[in-house]
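Asker: If you want the building blocks of each chain, they are given just below.
Protein chains: 2
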Amino acid sequence: MASGVDPYREIYSRRTEQMSGSEIRALFSVLERPEIVSLAGGNTYTDAVAGRVAECVQAVLARASGVALQYGPGTGLLGLRERLCDLMALEGIDADPHHVVVTDGAQQGLELIAKVFVDPGDVILTEAPTYVGALSAFSSYQVNARSVPIDEEGLIPEELARTIIDLHGEGRRAKFLYMVPTFQNPSGVTLTPSRRAEILEVCRRSDLLIIEDNPYAQVRFSGDPVTPLRALAPDQVVYLGTLSKVFSPGIRIGWVLAPQPIRERLVLAKEAANLCTAPFNQMVAEEYLSSGSTEEDLQIVRKVYRERCQAMLDAIDRHLPREVVVRPPEGGLFVWVTVTDPLNTRDMLARALRGGVAYVPGTAFYPVKTDGKQSMRLNFSYPSIEQIEEGVERLGRVLDEELELGRSLGI
Amino acid sequence: MASGVDPYREIYSRRTEQMSGSEIRALFSVLERPEIVSLAGGNTYTDAVAGRVAECVQAVLARASGVALQYGPGTGLLGLRERLCDLMALEGIDADPHHVVVTDGAQQGLELIAKVFVDPGDVILTEAPTYVGALSAFSSYQVNARSVPIDEEGLIPEELARTIIDLHGEGRRAKFLYMVPTFQNPSGVTLTPSRRAEILEVCRRSDLLIIEDNPYAQVRFSGDPVTPLRALAPDQVVYLGTLSKVFSPGIRIGWVLAPQPIRERLVLAKEAANLCTAPFNQMVAEEYLSSGSTEEDLQIVRKVYRERCQAMLDAIDRHLPREVVVRPPEGGLFVWVTVTDPLNTRDMLARALRGGVAYVPGTAFYPVKTDGKQSMRLNFSYPSIEQIEEGVERLGRVLDEELELGRSLGI
Numbered sequence: 010m011a012s013g014v015d016p017y018r019e020i021y022s023r024r025t026e027q028m029s030g031s032e033i034r035a036l037f038s039v040l041e042r043p044e045i046v047s048l049a050g051g052n053t054y055t056d057a058v059a060g061r062v063a064e065c066v067q068a069v070l071a072r073a074s075g076v077a078l079q080y081g082p083g084t085g086l087l088g089l090r091e092r093l094c095d096l097m098a099l100e101g102i103d104a105d106p107h108h109v110v111v112t113d114g115a116q117q118g119l120e121l122i123a124k125v126f127v128d129p130g131d132v133i134l135t136e137a138p139t140y141v142g143a144l145s146a147f148s149s150y151q152v153n154a155r156s157v158p159i160d161e162e163g164l165i166p167e168e169l170a171r172t173i174i175d176l177h178g179e180g181r182r183a184k185f186l187y188m189v190p191t192f193q194n195p196s197g198v199t200l201t202p203s204r205r206a207e208i209l210e211v212c213r214r215s216d217l218l219i220i221e222d223n224p225y226a227q228v229r230f231s232g233d234p235v236t237p238l239r240a241l242a243p244d245q246v247v248y249l250g251t252l253s254k255v256f257s258p259g260i261r262i263g264w265v266l267a268p269q270p271i272r273e274r275l276v277l278a279k280e281a282a283n284l285c286t287a288p289f290n291q292m293v294a295e296e297y298l299s300s301g302s303t304e305e306d307l308q309i310v311r312k313v314y315r316e317r318c319q320a321m322l323d324a325i326d327r328h329l330p331r332e333v334v335v336r337p338p339e340g341g342l343f344v345w346v347t348v349t350d351p352l353n354t355r356d357m358l359a360r361a362l363r364g365g366v367a368y369v370p371g372t373a374f375y376p377v378k379t380d381g382k383q384s385m386r387l388n389f390s391y392p393s394i395e396q397i398e399e400g401v402e403r404l405g406r407v408l409d410e411e412l413e414l415g416r417s418l419g420i
Numbered sequence: 010m011a012s013g014v015d016p017y018r019e020i021y022s023r024r025t026e027q028m029s030g031s032e033i034r035a036l037f038s039v040l041e042r043p044e045i046v047s048l049a050g051g052n053t054y055t056d057a058v059a060g061r062v063a064e065c066v067q068a069v070l071a072r073a074s075g076v077a078l079q080y081g082p083g084t085g086l087l088g089l090r091e092r093l094c095d096l097m098a099l100e101g102i103d104a105d106p107h108h109v110v111v112t113d114g115a116q117q118g119l120e121l122i123a124k125v126f127v128d129p130g131d132v133i134l135t136e137a138p139t140y141v142g143a144l145s146a147f148s149s150y151q152v153n154a155r156s157v158p159i160d161e162e163g164l165i166p167e168e169l170a171r172t173i174i175d176l177h178g179e180g181r182r183a184k185f186l187y188m189v190p191t192f193q194n195p196s197g198v199t200l201t202p203s204r205r206a207e208i209l210e211v212c213r214r215s216d217l218l219i220i221e222d223n224p225y226a227q228v229r230f231s232g233d234p235v236t237p238l239r240a241l242a243p244d245q246v247v248y249l250g251t252l253s254k255v256f257s258p259g260i261r262i263g264w265v266l267a268p269q270p271i272r273e274r275l276v277l278a279k280e281a282a283n284l285c286t287a288p289f290n291q292m293v294a295e296e297y298l299s300s301g302s303t304e305e306d307l308q309i310v311r312k313v314y315r316e317r318c319q320a321m322l323d324a325i326d327r328h329l330p331r332e333v334v335v336r337p338p339e340g341g342l343f344v345w346v347t348v349t350d351p352l353n354t355r356d357m358l359a360r361a362l363r364g365g366v367a368y369v370p371g372t373a374f375y376p377v378k379t380d381g382k383q384s385m386r387l388n389f390s391y392p393s394i395e396q397i398e399e400g401v402e403r404l405g406r407v408l409d410e411e412l413e414l415g416r417s418l419g420i
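These protein sequence lines are chains A and B, in that order. When we follow the working numbering, the leftmost residue of the first sequence carries the number 10, and every step to the right adds one. When we follow the working numbering, the leftmost residue of the second sequence carries the number 10, and every step to the right adds one.
Derived by calculation from the structure, the hints in this document are not laboratory data. C-beta atoms are modelled at their ideal positions from N, C-alpha and C, and glycine is treated no differently. Warning: the hint list may mix true and false statements.
Facing chain A, according to a computed beta carbon distance under 8 Å, are these residues of chain B, among others [what the hints assert, rightly or not]: (1) V125; (2) G142; (3) A240; (4) E280; (5) A282; (6) E410; (7) L414.
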């Protein structure tokens, strides 16, 4: 066997050709280097809940270690599903615990949805840009992802309608439309109420199922709440939620709320995937949601995010060149920065790392990797205000040099 | 829309046609009914570790709550992977932590392996009978599972060789051979050392990758240790382990040890599936394995299983009819009971439940559901000695009636 040749190459599935690491996951090791200020990840502020986790664990082990330490049902534990329905009720969603399946974060929900709906080559629709983890999950089932552009009001209904007509012309039909309608990752944009009605109407007419991914539901820190799509059209929407943003990512609790026949298939897929989400973690999450302190913790988290987001916007104003466009988000974890001059943020990343700052290049968030070159996603939920100031200042120096170089080369 | 018709039926993937719930998972709700003695599940004895879990959680939250509560790398945390290599070293396996990926129990390892290797219609080989969860994971990737019979020494090398030749004659090649060589689930059989050498030789000649699932590695309670296949032929084997049987199923920690190019693909599949196994749980597991009490706890678990297994064999001797054949296992969680007279244990299950006892019918463990009709899998790890005695006595009454009925009808 020649050195360097993979001896197993003949037996991999064809899907492995479409599987690639997300650019965010590739940056993971960088986050641990002390000399770099990382604005790249999606880590959350967990100081507010660290103490609560310890209390919840104690309570669970004292109350029901027998259940917590054993296998559990593939659906998830009923007690947790009931509390998750309470949480969704705060958003105006009327949900039955028997239509919920507990997952390992919302990421597993995306994977199970792909597994239940996608055959190789099937078309699905996504926003452009969109969540990179969704692209990874869907790609691993060999989808043909078509993207529909967003603007400052969210997904553009006319573009969606046009894409559906184009597909129809090809004799094809999309399996579903994947959306993050509120504080979209990466753009921070929230789909406006009137657009919500329009998108639902377009999808209703075309019998197109919507996957509504709503990880930031509880982390609005300014502006008025907007009703989720699921609350407006239960039969048209599969809804994904997570406790990663409000409790802890490291506990890995998410869920899918789906019409009953879809939920049945998701449960079968879930059991094949990993039998059940850790009952221990489910009970800790249930304990937390039952403790009555959730709203209090959320107020702390929202205050921290409001301050950090503002610190980032102020730092951008001070340190980034005027060729930068930013839309202040009303919630979520990210600021999406676009440079109006020609620039390749993906190429620039290596220089930024040498300059002591990390971000996620915009290209990571598009199915077609030539799009998004002039954009960057910056995270404000994890770094401190001092780190945000320092990181954005470093980014400003890198951007200045990059734009200067571009101008001097006449690009 | 007609009532009862699934409005989403046109958009499911073709794979959903092959996805069905395992018969064990379907019995899950039954386990909670107090009037039934369940010998059906695979729950383990966790009393020995319940106190340790509380200690480990405290230690983790005190030491590194910042890491435990955040996202982690898709590979799993290095500290845990190092401890898992120590655990494998006890079996004679020389493993590099960089060839390990941490999974949500071994079940997720099976799913990721299917994802990385299987295109629809691909042939894989399994033992007959085999672990039902593996069949679920593989079926969800539309495999064509061919089974190779086992006898009291484990998989029969001549049958394996013949199956490979048959496939070759059809112009096909199996993607891998899936095995549980030690305390096989469900049969309890351990592949003998001489058979191990023969199976490895057959596979080497045919360039057939082996998936060695070894969940019961640490729960041998009699007889001499047998070297795992992975220790004998590192390049030919992908090895799966789990902490479910020795620490806690509810913590959901398993792992895959694979040659480097395969491991790389498994990590990509893992990240698409659920980003990472809960770092909180990984750190609790690492803490447990580092605590120095593992061997002591294992001694307790082994002692409990030895006693319960013996209690079950004694009860079978006393209460089951003479038409029953049992092979005493040297480890694991199950006794496999086969009735020599014609009988359908799947049909009999409803009557057994009415008679107050649950088991898993043998048919669950065969790709072809007409096989295994005369067998049952009985679990001794979870029920107490009193419950084992009561459950087997009840089963005896049901079996007596069933065989009597069969004889009176001249079947």
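Asker: Evaluate each hint against the coordinates.
Answerer: Here's how the hints hold up against the structure:
1. V125: 6 Å, holds
2. G142: 7 Å, holds
3. A240: Hint violated; A240 (chain B) Cβ to chain A Cβ min 19 Å, cut 8 Å.
4. E280: 5 Å, holds
5. A282: OK, holds: A282 (chain B) within 8 Å of chain A, min 5 Å.
6. E410: 31 Å, violated
7. L414: Because about 34 Å separates L414 (chain B) from the closest Cβ in chain A, which is outside the 8 Å limit, the hint is violated.
Hint compliance for this structure: hints 3, 6, 7 are not met, and every other hint is.
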